[in-house]
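**Q** So the chains spell out like this:
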Amino acid sequence: MNYLASIGSYSMMVVEVFRKPTKWRIMKSLILKEIDELVYGSLGIIIFISFFIGAVVAIQTALNLTNPIIPRSLIGFATRQSVILEFAPTFVSIIMAGKVGSYITSSIGTMRVTEQIDALEVMGVNSLNYLVFPKIIAMLFYPFAIAISMYVGIFGGWLAGVFGGFLTSADFVAGLQTDFVPFHIAYAFIKTLIFAFIIATIPSFHGFYMKGGALEVGKASTTSFVWTSVVIIILNYILTQLLLG
Amino acid sequence: MIEVNDIHKSFGDAHILKGISTTFEKGKTNLIIGQSGSGKTVFLKCLLGLFTPEAGSILYDGKDYSTLSENEKRNLRQEMGMVFQGSALFDSMTVEGNVKFPLEMFTKQSQSEMRDRVNMVLKRVNLVDAHNKFPAEISGGMQKRVAIARAIVMNPKYLFCDEPNSGLDPKTAILIDDLIKEITEEYNITTIINTHDMNSVMQIGEKILFLKDGLKEWEGTKNEIFKTDNEAVTNFVYSSDLFKKVRQMYIEERH
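Chains as they are written, first to last, in the working numbering: chain A, 1 to 245; chain B, 1 to 255.
Chain A with its partners taken away, still in its complex shape (with noise of 0.2 Å):
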């Protein structure tokens, strides 16, 4: 029952976040500042995770196959479709889980204990719309990172693969484009945009409406990342399935 209360209550959040907007004026500058805290601040981190990981699928890759009748493109094959499929929208998006999510968590929470959403909605301000509306629209910008991590997982599948003696950079390339279906990256960039909505949207829910002192928004924070990653997984469940299926 209370799983049902939770998607009740974040449905209604959801609704509400996009009614009585806020002044434009002052909307434009929270998104422009939500922009630069969630999606810019995050490049660094996703651009490290994503060149390291590229390169490791490379290696395994090439240290299993062992059969001398399979080409060695097929290294370059499959870290595209890992990087393209699986690894840019779905684990970057877990690791923004914890990165982002906590930090809306924490910081949406943390205006809930100091009274500070009070104040806003003292002053007549719809403060969902206020404080969620601008990360939701922030994060539409979260498909262009996960590009990035694409670009970045593939080239670094390249330079493992290349230097570490695997492959050539011919093989590589070729590999790359064996059998490519342009769907997969519409595919890719669709789960990005569903994820997207829901790293902004839950760890929301679990900040705006927690309730306690200060030991509960790093409770909360906790609980965040993992509705917002078990959520994430299952839908990338359905996606598939509906998408590639």
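Derived from the structure by calculation, the hints contain no laboratory data. All values derive from a computational prediction rather than experimental measurement. Don't take each hint at face value.
Listed next, the in silico BS3-like pairs over lysine-lysine satisfying Cα-Cα at most 27 Å (straight line) [to be verified]: (1) B/Lys-222 with A/Lys-33; (2) B/Lys-18 with B/Lys-222; (3) B/Lys-222 with A/Lys-20; (4) A/Lys-211 with B/Lys-18; (5) A/Lys-33 with B/Lys-133.
Guided by the hints, dock chain B onto chain A, whose structure is given.
**A** Relative to the frame of chain A, chain B by itself:
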């Protein structure tokens, strides 16, 4: 003026407010006092519209809050100023940004008009050199002044304060109390203060409402509170040695 008629509020099985009726007059500092858990904060949040009572009505200058449309409620809230216990200043904004916030949200004033208004209210609360500081960089007393400035920047009809001098040293607490009283008289607003500080009662209390277990136990003026025989009130008022001595002196004088 705010009229409260028989309001009830529960959370689950806990019946917090059990039918409170009272009137808060314009241009006066009205104090709500009572022990922790007596329902003061819930009562104040009902007055602010943050909680909706299950029964009863609250009338702001004759307008029943429960019958207002969403837009009317929003407009009414813009006529309310609130000073929270912990000041509730926005951490990410400077002092100037905090005070300017309601003007930016709800008026069409130009930047220079807003700046003039902000300067005026900050001067009124005796804060002139803190415009560009962040809340974390100023003292608790200064934060309270900023909160008061933010609460009055829109020329409110109603000013609510929740424990305005908690956590402050006695001297700063008196300054904050005096400031609230002066602003109430100057702007002719209905001020309601939630407190358990007897010094505030003595300093600025014009009308006092004593709550106990979610009910109105007593109401009167600051002079009457020292003469009352209501046991709950006397237990609360004379819990400190200082006020015990004041009462003793009063009784001795009477005899």
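**Q** A separate judgement is required for each hint: does it hold in the structure or not?
**A** Now for the hints, and whether the structure bears them out:
no., hint, verdict
1, B/Lys-222 with A/Lys-33, "50 Å, violated"
2, B/Lys-18 with B/Lys-222, "25 Å, holds"
3, B/Lys-222 with A/Lys-20, "43 Å, violated"
4, A/Lys-211 with B/Lys-18, "24 Å, holds"
5, A/Lys-33 with B/Lys-133, "20 Å, holds"
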